[in-house]
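*Asks:* Below, each chain spelled out in residue letters.
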Amino acid sequence: MMTTTRWCAPLFLLALFWAHPSAFQTAGGQRSQPSDVELAISGDSGTPPRFAVPAFVAAAPDVEDAAKVLGEVLWDDLAFEREFYLIPRDTYASVPAARTADQVPFAAWRELGADGVIFGTVQRMGGNLRIEVRLLNIRTRQSVFAREYSGPSANPRGLAHAVADELHLQQRALRGVARTRLAFTSDRNREKVAGTTENRDVKEVYFADYDGANPRRLTVDRQLNITPVWAPDARAIAYTSYRRGFPDLYIMRPFDGTSTNPTAGKGSNFLPAFSPDGKRLAFMSSRDGNPEIYVMNVDGSAVRRLTNHPANDATPTWSPTGTEIAFTSDRTGSPQIFITSAEGTGSARRISTNESYADRPTWSAAPFNEIAFAARTGPGFDIKIYDIASGQTRQITFGEGSNESPAFAPNGRHLAFTSTRAGKVQVFTVARDGKDLRQITRDGNNYTPSWSN
Amino acid sequence: MKTFTISIRRLAGSLAVAAALMAAACGGKPVPETPQPAPEPQAVSTAPAPPSSPAAAKPASSRDSLPVPAQPLTDDRVSGKSLDDLNRDSPLKPVFFNYDSAELSEEAQKIAQANAALLRTNKTWVITVEGHCDERGTAEYNLALGERRAASVKTYLVSLGISVERIRVVSYGKEFPFDPGRDEAAFAKNRRGHFVVTAK
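Line by line, the protein sequences give chains A and B. To convert, note that position 184 of the first sequence is 183 in numbering that gives the first Met the number 0; the numbers rise steadily by one, no gaps. To convert, note that position 172 of the second sequence is 171 in numbering that gives the first Met the number 0; the numbers rise steadily by one, no gaps.
In case anyone wonders, no lab produced these hints; they're calculated from the structure. Computed from a prediction, not measured in an experiment: that's the story for all the values here. Watch out, some of these pointers could steer you wrong.
As the list claims (entries may be wrong) - Computed cross-link-like contacts, DMTMM-like style, restricted to lysine to aspartate or glutamate with a CA-CA straight-line distance of at most 25 angstroms:
#1 191(A) - 83(B)
#2 80(B) - 197(A)
#3 199(B) - 197(A)
#4 265(A) - 164(B)
#5 188(B) - 200(A)
#6 191(A) - 84(B)
Given the sequences, and given the hints that come with them, work out the whole structure.
*Replies:* Structure (C-alpha cells):
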C-alpha cells in the first residue's frame with residue numbers, strides 16, 4: 000500500500016501546512032475547497048496556469064529510471080484533466096537542472112512561460128521509493144505544495160498518480176482520476192473455451208490503471224466472462240461468467256482473494272450494476288421468462304423485479320442518487336433508453352427520442368448529471384450524451400469505427416468506451432466534450448470498460 | 000451463497016468442472032480420439048452375423064428370420080460417439096433468425112421440427128439451445144436478444160412435445176460469431192439458435 004506523510008522542511012512555508020490540513024486530505028477523494036486561495040497558482044488572465052513537470056531528481060543512479068517515469072506520468076496525469084497547460088517536456092533542455100529545491104532557476108522557467116514548476120526528488124528506501132514533491136509558484140518563488148510519499152519501488156507510476164490527484168484537489172478543488180482503474184474483458188491470452196467443440200475465444204476480466212498501464216488479469220476460468228463493473232469502493236468487481244456453462248453473476252474481491260455467486264444459478268443473469276451505496280445490484284435476468292430488470296442485495300437476498308413487460312428490458316444503470324435506474328428496452332420497437340424509479344413504482348419514461356437504436360446507458364454524477372449511451376449512426380454505433388437538465392443530446396464520436404459501451408469516469412469529466420477504429424476492438428478514453436481521445440488497450444480485443452472510483 | 004478463495008479453491012473448482020466435463024464427454028462409451036487401426040474383420044464379427052452363415056448365428060429361439068439390423072442401428076452409430084463427436088457432426092441443425100428478431104420463420108420451424116424428431120428418438124438427450132446474434136447490435140442488448148431467440152426455440156420445441164427439463168437456454172449475444180465476416184451472408188449465419196447436446 001502506498002503511504003503518504005506530511006513533509007515539513009522549514010524552508011517551505013511550514014505554517015501553511017499546519018494551517019490548512021484539509022487541503023491535503025486524501026481520503027475518499029471528496030471535493031474540498033482549498034481554504035487559502037493563495038495556494039492556487041493562477042494563469043494569465045483567463046488562461047489555465049502553465050506548469051512545467053521535469054524529470055524528478057534521482058538521489059542515486061539506481062532510481063534514475065524511476066525519476067524519469069515519475070516526471071512523465073505526473074505530466075500526463077496533470078494534462079489529463081486539462082485544468083493546467085502542461086509545457087512540453089522537450090522544451091526543458093534550456094533550463095539548468097537543479098539538484099535541490101533552492102537551486103530551481105525561477106528566471107529560466109519564467110522565460111519558458113511557466114506559472115508553476117514541479118520539483119521532485121526520489122530515493123530508494125528498502126523495497127520502497129520515497130519521493131518529495133513541491134509545486135513552486137514561479138512569480139512568488141514560494142512552495143505552494145510540498146509532500147512526501149513512499150510506495151513500492153516496482154510502481155513509480157502509482158506514486159505519480161497520488162501526487163497528481165492531490166495537486167488537482169489542492170489547486171483546483173477537483174477530484175482527479177489518476178488513481179482510478181479501468182476494468183474490462185479481453186481475449187488477449189488467445190485461449191479457447193474449454194469443453195466445447197466450437198472454436199471460441201475466452202474472455203477474461205482484467206483491470207488496468209486509468210491510462211492503461213499495469214494491466215492485471217483477474218479471472219482464470221478459460222471461459223466467457225463479460226461486462227465487469229466496479230463496486231463503488233473500487234475493491235470488488237461484479238461480472239457475468241459462463242464458468243458453469245450458463246451465464247451467472249459473480250462478485251470478485253481481488254484484493255481479498257474471495258468471490259461470491261449471489262444469483263446462485265437461478266435463471267440466466269447478466270449485466271450487473273452496483274447501486275451508488277454499493278449495497279445492491281441491478282441486473283438483467285430471464286428467470287421469469289423474458290429479459291427483465293431485477294434488483295437484489297449484493298449477498299443475493301431481497302430479489303425484486305423492477306420491470307414487467309413482454310419486451311426485452313436490459314442494461315440497467317443507477318442514477319447517482321440511487322433513486323432511479325436507466326435501462327434499455329425495445330418496448331416501443333427498437334432498443335431505446337428509459338428511466339424508471341429504483342423502487343419499481345411509476346411508469347418508465349423514454350429519454351432517447353431521435354435514435355434508431357440506443358443501448359448501454361451510463362449515468363454521471365453531479366455536477367454534470369448526464370447519461371451517455373451508444374446510438375446507431377450508420378452501420379455502427381457512436382457515443383452520445385443526454386443532459387438530464389436540458390433534455391438535449393450531443394454526439395461525442397463521429398463514425399470512426401463502431402463505438403460502444405460507454406462508462407463515465409467517477410468525476411464525470413471523461414468516458415471510457417470501445418471502438419473498432421484501430422482495427423480490433425479496443426478501449427479508449429475521451430473527455431466529455433469529445434476531445435483528448437486516448438487509446439488504453441492494444442493487446443487482443445478488449446470490451447465493456449468500467450471506470451472505478 | 001458460496002464463498003471461496005480465488006487462488007487455490009477456485010482453481011480446484013475449475014479442475015473439478017473440467018473433470019466433470021471430461022467425464023460427461025466420455026461417459027459410458029468412451030471413443031478413442033484417433034480411431035485405432037483395428038482389424039476390420041473383428042469389428043464385423045461383433046455385429047449380427049452375415050446372411051451367408053445363418054447356422055453359425057442361429058439364435059436360441061430358432062426363428063427363421065435373421066436378426067436384420069433395422070432402423071435402430073443408425074441410432075447405435077450416433078450414440079456410440081462422444082458428446083464432442085456428436086456435436087461436431089451436429090445432428091441437430093441450427094435455426095436462423097431475421098435481423099433483430101426472435102421469431103421462428105417457417106423454415107426455422109421445419110428445422111426445429113426435424114430436431115424435435117431426433118430428440119424424440121434419442122430420449123435421453125439433454126440439450127442446450129444457444130442464442131446468438133450478429134455484430135450489428137450492441138454487446139449488451141444482444142445478450143437479451145440472444146436470450147429471447149433461445150427461449151423462442153425452447154418454447155417451440157416444448158410445443159412439439161419435448162420435455163421442458165431437457166432444454167436449457169443460454170444467450171451468448173454477439174460473443175461467439177460463427178462467421179467472422181462483416182457481410183450479410185456472415186451476419187445471417189450468426190443470427191442463430193445453436194443446438195448442443197449436453198447429456199445423452
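*Asks:* Sort out which numbered hints this structure fails and list those numbers smallest first.
*Replies:* none
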